[in-house]
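The whole structure should be built from the sequences, with the hints applied where relevant.
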Amino acid sequence: MTSPAPRPKLKTRFKPARLKLSSDQSTRPLARLSLHDQLVAKVREMIIDGELAAGAALPERMLCETFGVSRTPLREAFKILAAEGLIELRPHRTPVVAPIDSREIAEIFDVMVALDVAAGCAAAARATADDIARLDAMHAELAALHRAAERAAYFRLNQQIHTEITRLAGNAVLLGMWSTLHASVFRARAVANYDARRWNESLEEHEAFMALLRARDAQGFAAALGDHTRKTGDSVLQMLEQAGQDPGRG
Numbered sequence: 001m002t003s004p005a006p007r008p009k010l011k012t013r014f015k016p017a018r019l020k021l022s023s024d025q026s027t028r029p030l031a032r033l034s035l036h037d038q039l040v041a042k043v044r045e046m047i048i049d050g051e052l053a054a055g056a057a058l059p060e061r062m063l064c065e066t067f068g069v070s071r072t073p074l075r076e077a078f079k080i081l082a083a084e085g086l087i088e089l090r091p092h093r094t095p096v097v098a099p100i101d102s103r104e105i106a107e108i109f110d111v112m113v114a115l116d117v118a119a120g121c122a123a124a125a126r127a128t129a130d131d132i133a134r135l136d137a138m139h140a141e142l143a144a145l146h147r148a149a150e151r152a153a154y155f156r157l158n159q160q161i162h163t164e165i166t167r168l169a170g171n172a173v174l175l176g177m178w179s180t181l182h183a184s185v186f187r188a189r190a191v192a193n194y195d196a197r198r199w200n201e202s203l204e205e206h207e208a209f210m211a212l213l214r215a216r217d218a219q220g221f222a223a224a225l226g227d228h229t230r231k232t233g234d235s236v237l238q239m240l241e242q243a244g245q246d247p248g249r250g
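Position 81 of the sequence shown, counting from 1, maps to 81 under my numbering, and the rest follow consecutively.
In short, the hints are calculated from the structure, not lab data. Treat the numbers as computed from the prediction; the structure is a model and nothing was measured. Cβ atoms here follow ideal geometry from the backbone N, Cα and C, with glycine treated the same way. Don't take every hint at face value.
Unchecked claim - Cβ pair distances, simulated, as ranges: (1) 136 x 41: 24 to 34 Å; (2) 152 x 126: 28 to 38 Å; (3) 41 x 104: 24 to 34 Å; (4) 170 x 133: 17 to 27 Å.
Below is the structure:
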């Protein structure tokens with residue numbers, strides 16, 4: 001009987017060389033006008049792309065020296081990332097990349113499937129020709145990003161498409177609930193795209209539900225959208241389990 005392959009070590013050590021925000025960062029600080037957005041975007045990208053794994057420390061002093069910024073804008077960026085559930089702010093202790101609670105993720109996806117079915121049905125019934133054309137253009141760009149293997153950009157646009165569909169439902173309460181839950185699974189959802197097979201399947205599912213939207217099949221579109229979210233959740237939980245975490249379904 002062969003022994004199991006060794007589990008890869010978590011990337012919990014901070015590597016400042018990876019956190020340059022521009023090619024000339026070594027010679028000048030970031031422009032003040034874009035400072036906050038760049039800090040948020042860069043650290044968020046590193047977390048979502050897995051460069052900074054759960055538990056990785058984010059030492060303020062080293063980050064400030066690397067980015068050429070003071071602690072004030074960095075702490076403002078940390079607040080945004082903490083609100084997104086990506087990092088944990090701990091009083092008098094170094095912030096860390098937040099762990100993923102797989103049991104909570106499983107429960108959230110169960111609710112999001114139902115919300116996506118409701119949103120999809122309403123969105124398909126309310127969408128104008130211009131709305132569908134706009135989603136079609138976004139989908140075409142999504143497919144191009146997939147062909148180019150632009151994983152991070154694909155993930156961002158993917159989320160924009162789902163947000164736009166939910167917005168088109170025209171229900172502010174539904175959108176608020178969906179947005180809150182989506183923020184809670186934002187990083188975990190990105191995990192699914194690390195599996196090449198699931199990434200391909202996800203695009204095929206997008207193409208299938210877009211075809212139903214074009215056909216004005218509200219019930220079919222809603223069902224396909226909910227099934228897509230369910231499969232994404234199942235993939236996320238499987239990836240977490242493979243990483244050595246209990247998926248929380250027991």
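Status of each hint after checking the structure:
1. The given range of 24 to 34 Å is respected by residue 136 and residue 41, whose C-beta atoms sit roughly 27 Å from each other.
2. Between residue 152 and residue 126 the beta carbon distance is about 31 Å. The supplied range of 28 to 38 Å therefore holds.
3. Take residue 41 and residue 104: their Cβ atoms lie about 26 Å apart, and the range 24 to 34 Å holds.
4. One distance hint, 17 to 27 Å for the beta-carbon pair residue 170 and residue 133, holds here, with the actual separation near 18 Å.
When the structure is compared with the earlier hints, no violation turns up for any of them.
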